[in-house]
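Participant: Take these sequences, add in the hints, and give me the full structure.
To convert, note that position 58 of the sequence shown is 42 in the numbering used here; the numbers rise steadily by one, no gaps.
If you're looking for bench data, these hints aren't it; they were derived computationally from the structure. Keep in mind that this is a model prediction, so the values were computed, not measured. There's no promise every hint is true.
Simulated restraints, written as ranges between beta carbons of each label pair [claimed, not checked]: (1) S83 x W47: 47 to 55 Å; (2) A158 x A93: 33 to 41 Å; (3) T136 x L100: 37 to 45 Å; (4) S40 x D82: 45 to 53 Å; (5) S30 x G8: 17 to 25 Å.
Even for Gly, the Cβ is constructed at its ideal location relative to N, Cα and C.
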Amino acid sequence: ALGCAAVTGAVGTGLEVVWSRILGILTSNSAYGFALLLTVLLLGLSAGSLLQAWWSRRPGDSWRRLALCQWLLAGVTLAGAPFFHTPPDWFVRCCAADSAGRVFLAELALTAGALLVPAVFMGMTLPLVVATAATRRSRWAHDLGRVYALNTLGAVAGPFLAGFVLIPRLGIRAALAALVAGPLLVA
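Facilitator: What follows is the structure in structure tokens.
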């Protein structure tokens, strides 16, 4: 479970770097675009955590749920990748307008289309990792602290690896595919 915590942290923030590059190429690549990315990502993470809180009330094995969540994260991410090679026609039409509001809404829609569903699965992940690792009541706080520490260390390593190793050596698309291998390893 501790290895899962590190890998999922690295994958989550590594994917954030790759998505920011992909969306930066397709959109205005501005502070507004990055703010939209963070907004959608954090909304998805919180929705995923809430969904997991609801799901955990039902009987089931946390390891199986974690595996399912990771497979779905990988599948959704890979399935969506081909749609972000070039800007969609609707996006180009919206951005050709003179309305800043239309451009903002178009960038929000594109960002949500790319990130929201994967972010929901990412938001479900840490609560599932905690559920698999912190099972002993007498050591719950200790185990929880270790999960969070390793997840955070992974979250530190992810952007570094994505930004300084994977993207420069593999390119954006292959970096995305390499990062998607992480959830499959966890599963």
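Participant: Confirm or reject each hint.
Facilitator: Hint check:
| no. | hint | result |
| --- | --- | --- |
| 1 | S83 x W47: 47 to 55 Å | holds (49 Å) |
| 2 | A158 x A93: 33 to 41 Å | violated (27 Å) |
| 3 | T136 x L100: 37 to 45 Å | violated (24 Å) |
| 4 | S40 x D82: 45 to 53 Å | holds (49 Å) |
| 5 | S30 x G8: 17 to 25 Å | holds (24 Å) |
Comparing the model with each earlier hint shows violations of hints 2 and 3; every other hint is respected.
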